[in-house]
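For reference, the chains in residue letters:
Protein chains: 4
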Amino acid sequence: MIIQLEKGISVDQLNKLKEKLANIQYKTTEVKTQYGDYVICVGKNEFDIRSIGTLGGIKDIHQVSDAYKLVSKKWKVEDTQVDLGEGLKIGTGEFALMAGPCSIESEEQIKSTIDHLVKNGVRVMRGGVYKPRSSPYSFRGLGMDGLKLWYSLAKEAGIKIITEVMMTEQIEQMFDYVDIFQVGARNSQNFNLLDALGEVDKPVMLKRGMSGTVEELLQSAEYIFSHGNERIMLCERGIRTYEKAYRNTMDINAIAILKEKSHLPVIADPSHGIGVRRFVPKVALASVMAGADGVIFEVHHTPEKAFSDGQQTLNYRESTALIKNLKNAFRFREELVQ
Amino acid sequence: MIIQLEKGISVDQLNKLKEKLANIQYKTTEVKTQYGDYVICVGKNEFDIRSIGTLGGIKDIHQVSDAYKLVSKKWKVEDTQVDLGEGLKIGTGEFALMAGPCSIESEEQIKSTIDHLVKNGVRVMRGGVYKPRSSPYSFRGLGMDGLKLWYSLAKEAGIKIITEVMMTEQIEQMFDYVDIFQVGARNSQNFNLLDALGEVDKPVMLKRGMSGTVEELLQSAEYIFSHGNERIMLCERGIRTYEKAYRNTMDINAIAILKEKSHLPVIADPSHGIGVRRFVPKVALASVMAGADGVIFEVHHTPEKAFSDGQQTLNYRESTALIKNLKNAFRFREELVQ
Amino acid sequence: MIIQLEKGISVDQLNKLKEKLANIQYKTTEVKTQYGDYVICVGKNEFDIRSIGTLGGIKDIHQVSDAYKLVSKKWKVEDTQVDLGEGLKIGTGEFALMAGPCSIESEEQIKSTIDHLVKNGVRVMRGGVYKPRSSPYSFRGLGMDGLKLWYSLAKEAGIKIITEVMMTEQIEQMFDYVDIFQVGARNSQNFNLLDALGEVDKPVMLKRGMSGTVEELLQSAEYIFSHGNERIMLCERGIRTYEKAYRNTMDINAIAILKEKSHLPVIADPSHGIGVRRFVPKVALASVMAGADGVIFEVHHTPEKAFSDGQQTLNYRESTALIKNLKNAFRFREELVQ
Amino acid sequence: MIIQLEKGISVDQLNKLKEKLANIQYKTTEVKTQYGDYVICVGKNEFDIRSIGTLGGIKDIHQVSDAYKLVSKKWKVEDTQVDLGEGLKIGTGEFALMAGPCSIESEEQIKSTIDHLVKNGVRVMRGGVYKPRSSPYSFRGLGMDGLKLWYSLAKEAGIKIITEVMMTEQIEQMFDYVDIFQVGARNSQNFNLLDALGEVDKPVMLKRGMSGTVEELLQSAEYIFSHGNERIMLCERGIRTYEKAYRNTMDINAIAILKEKSHLPVIADPSHGIGVRRFVPKVALASVMAGADGVIFEVHHTPEKAFSDGQQTLNYRESTALIKNLKNAFRFREELVQ
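Protein chains in written order, with numbering that gives the first Met the number 0: chain A, 0 to 337; chain B, 0 to 337; chain C, 0 to 337; chain D, 0 to 337.
Think of the hints as simulated: they come from the structure by calculation, not from any bench. None of these values were measured; they are calculated from a predicted model. Mixed in with the good hints, there may be bad ones.
[Unchecked claim] Straight line, CA to CA, 20 Å or less: simulated SDA-like cross-link-like pairs of lysine to any residue:
(1) D:Lys73 x C:Val275
(2) D:Lys304 x A:Tyr25
(3) D:Lys17 x A:Ser137
(4) B:Lys326 x A:Arg330
(5) C:Lys304 x B:Val41
(6) A:Lys243 x C:Lys243
(7) A:Lys43 x D:Phe306
(8) B:Lys43 x C:Ser307
(9) B:Lys243 x A:Glu214
(10) C:Lys243 x D:Gln33
(11) C:Lys43 x B:Ser137
(12) D:Lys43 x A:Lys26
(13) D:Lys58 x D:Gln33
(14) B:Lys118 x A:Val336
(15) A:Lys43 x D:Ala305
(16) A:Lys26 x D:Ser307
(17) A:Lys73 x B:Ala305
(18) A:Lys323 x B:Ser137
(19) B:Lys326 x A:Val336
(20) B:Lys304 x C:Lys304
(21) B:Lys304 x C:Tyr25
(22) A:Lys201 x A:Gly90
(23) C:Lys110 x C:Gly142
(24) A:Lys73 x D:Ser134
(25) A:Lys243 x D:Thr212
(26) D:Lys304 x A:Gln24
(27) B:Lys26 x C:Arg132
(28) B:Lys43 x C:Gly142
(29) C:Lys31 x C:His226
Build the full structure now, drawing on both the sequences and the hints.
Here you go:
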């Protein structure tokens, strides 16, 4: 159960509410985000909901029986829109495009990418400065130096930055240089990291785990929300299955279902979703049809020479075509017969 | 290696070829289909391909190192089009729509479905008369009586029939009443059935196994082709994964990859691919973007009362909208920026 | 619900029972096996079970709510023992060992294998004469000629034969030469084949499908039982997962669970369960600890030269050691502290 | 390639080595652990290994082509033994038993568990004080207070403590109260945490990820080793598959394979491996046969009332029987015919 509180609820009123809930043996969690105050209640005893609804300081009460609560569409029927500032919004009719290299590599590479994005009207650039790698002997990213350089160049060009944060300690130092914190697949259930990201007022894009369920993804998002941050995007990036004809199995079913279960925007990552360059555009377009609010993909001026993920990275020509097609596909989707 | 033979190759020439191949220790399989004669050769020794190419009666030679040969795009670069007669073709620019109930249930149901399809310009009707069911106590279909009734009604209305064949013995009796034989997911590696379907001149739609790989699907198609029947369509219908938020995981990656690896048409089955009615249209449209040559879906006048699969079956209103959207999506795909 | 009938139930009594069940709208299936007569009833209405139990000709009534009925332990609490004749029994304290090559290849190979088995006290020999192969160009077995030759040699040595049957038409011709019909993983849901094997009085070992669930395996066994044949063994042979460090993932959990859910003997196939020769003994021994009633494994006088599956086939030395260890392990299991 | 250095290698000698490696364009990582100094080299150019082997200060050189190096058996053929002090060793003939509740709950519970372990000769107690939970509203553990209490009670009884660490910041505060740091399945690829655990001199038990591959597990262990800590144990705890008849699929194949690929001890976790109490003993015993160096399982004085994982937790009676059986099984394994 979610109890939405009035902004001006008094301490007395809150105490009365908590007492009432304690009486019926409900476990409560108080949540205070940038947009609202809530009490999340978990319990089993039946009671008359009006006995709470008529208390002072209460805005609304919602029964949500799912394991996740605040990220559920059951209480917040209208979709959430994540505002990045400067007129850039994601969700509810605003289709998001994010592109860039797997790893930030050099000033030249950053400039070239920004140039490509600006030309094609893409306003968010992706790129890793902290890279999770299976092997300790692989390139692990340029770190803060890379991020600061990138930031200075992107800022100038009006380009927003999305990049992966891997540990709690990095949040503070990265904060000023990042527009969207990305949580990678391997950290999708790193609950301490999620807690910490709930405590900052900056959008977070949360990737589904390598073999995470739809429900686990939503519960992970609940960690962020319940720690105070409502600005969350979910990201489908393919799951691990028995099939080895490609890298991951893009789960478009999950996109459709996430859009129904949650009010949060859903971003598709076709680059990881199939992992083979020449198929990325098809998977990207399919994701739009499945209901994605945006697409994030990998692009590099010379993919063959990329430090990482070159095999799934588009070159500029391919990227330019894909961007046009995605914009048209989004418009096509708007015009579907209902 | 595939050796295409001239139609008029003489016995002498063929013997000479086989002798030559025996000399270099290649294992050969002679294949005679409705469209051509081939010799499939498997071996390891290196040899001068010209020593065979200059023999009489040989049309062409192709190196195909995949486990599958005749269904590969490596030797037959242009896509295969399956001709159903009466101007109805599938593949290479002809987008196929097939719809109908999970099971054929009654005369009234058949008539109603045909009426719905005719109104919406769909020319192939699906429906099961032999149903593979996990439990022996479930409804297993109306059998030949149902098929004959269906045939008489469909014929009249100019509607083609696709239905599942479950065992070799059924092929002959069903032959005259069927336009496309469907091989179900559970029989995707029933090699005797595939052999037997290779011996008839009737299109076959082969579904991917519950957890079949892309390569296994192509090898199963190779069974049909190498036994004499080139009129094959492949069908992606979702795979089995750990995720339980839906019935199967629609594998759109496989659609994109099958279109590259094989010259055969690929049909998407979004009804089984997600298994939840309200998401079927999104998955269907996504499949078109991934490159499908057609879509097969389940429709019923009152899905709630269907004998089987009601939860994933569209009603007429939903079906009508989907058909329009699919046709538009196919046109949209044709106009993508390359 | 399972209603066990008295052997001497009269037509009148049976009709009365069926009428009663029809009145409460239960769907019934009559089952007649080599050991008993049953009526399987599926329905939802509540009724007083005594109103049926007091009818004439009824031996017992069991509520079984699982999707499978006759193979469930809920009605038949004591384990089933499959009798192969000549004092050879499988299940309930009789540990079964079956070994032999993947494929029957030659007279010399058969003789050598029989010799090896006799020396080691193994009384059932496995071997394929009809081989399901992913590719149509692979060796598909010696067929009936091979089986007849094998039979004549095995009979003489007192060795029983287990071999795979792939299609209904083969059952009759194989019948006299086979002691246990094996249903392979790819045919685990070939329901027509299961129906037909239910109509013969010969033991059947049913393998779990490549990605079959425990419940599906039991439902497939139910097909055989409900068509008249109670002499069934279940076989765990590894499932398909994302892991590629080995061929299949041996599912010992399934062995433990099958032993609880069903009264049928469970045989472990460690050769396919891991697919790598040097690990087969460990997996075999683990399966015994998980509760298997027997082990079937692949052995060949020169595995490197086997026509198929050589990489997972033991040589005689390895096989001899494994057999000794398995017998000891079985004894060790009997002595576990409860 | 792994280059083992002499303990007394001079700066000059090391520089000469590095120069040499730079010349042949090998990327190097210097590793200094509690037991040895190594240089890990990754490169492609061929060269004469003697040109390095004859340099001063070099103990040995090993070609290891796997993605993981230091944890591979290819260079360190004899198994690693992890010494916990006070005569307690794990690996190479010393079979490890670890047991305890899912979560540390109270003083009474700790005392009762210690009592049970002491009676049964188990010297390592498991228990969580920081609990990773899918939902933010679940019990997340007693934290440092619980750990300190536990430590004081365990110390007195001569019981060692294994408990999960979830984030880098916790390592230092937990260090004095822990004998083995456990890395949970969800953190199996939390590379920053692994890095940090490489920097302490305390044994680490690393669990395989929910859908981690054998290779990924070894690469994660490589993170710890290459950051300086050789005292690592690997833990198989079941993987995520399509099967829902139990919680996870215990992968005994992985145990057998890990023992071949790595010199590190392998611990089996049957409680998570199947997730159903009454099957835990069978899976535990199977794991021993597959080659495990130890077993960790969940036990609680009243499992029905456990704060978490009660459904897979043994009671004392079951635990006592299992411990006896495991000890016997380990002895039985030692006596297998080779």
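Exercise. Within a Cα-Cα threshold of 20 Å, do B:Lys304 and C:Tyr25 meet the stated pairing?
Worked result: Holds - the C-alpha atoms of C:Tyr25 and B:Lys304 are around 19 Å apart, at most 20 Å.
Problem set entry | Pair hint D:Lys304 and A:Gln24, alpha-carbon separation not exceeding 20 Å | holds (18 Å)
For this session: For the pair we were handed, A:Lys243 and C:Lys243, check the Cα-Cα distance against 20 Å.
Result: holds (9 Å)
Problem set entry | 20 Å limit on alpha-carbon distance, applied to hinted pair B:Lys304 and C:Lys304 | Measuring from Cα to Cα gives roughly 58 Å; hence the hint is violated.
For this session: With a cut-off of 20 Å on the C-alpha distance, tell me whether D:Lys73 and C:Val275 pass.
Result: Distance ~19 Å between D:Lys73 and C:Val275 Cα, so the pair holds.
For this session: Would you mind confirming whether the straight-line C-alpha gap from B:Lys118 to A:Val336 stays at or under 20 Å?
Result: holds (17 Å)
Exercise. Straight-line Cα separation of B:Lys26 and C:Arg132 no greater than 20 Å?
Worked result: holds (16 Å)
For this session: Would you check the hint for C:Lys304 and B:Val41, treating anything up to 20 Å between C-alpha atoms as holding?
Result: It holds: about 18 Å lies between the C-alpha atoms, which stays within 20 Å.
Exercise. Given the hint that A:Lys243 pairs with D:Thr212, does the C-alpha gap stay at or below 20 Å?
Worked result: holds (13 Å)
Problem set entry | Pair hint C:Lys31 and C:His226, alpha-carbon separation not exceeding 20 Å | holds (7 Å)
Exercise. Do the alpha carbons of A:Lys43 and D:Phe306 lie within 20 Å of each other, as the hint requires?
Worked result: holds (17 Å)
Exercise. Has the given pair, C:Lys110 with C:Gly142, been kept, meaning a C-alpha gap of at most 20 Å?
Worked result: holds (18 Å)
Of the numbered hints listed earlier, those contradicted by the structure are 10, 12, 17, 18, 20 and 28.
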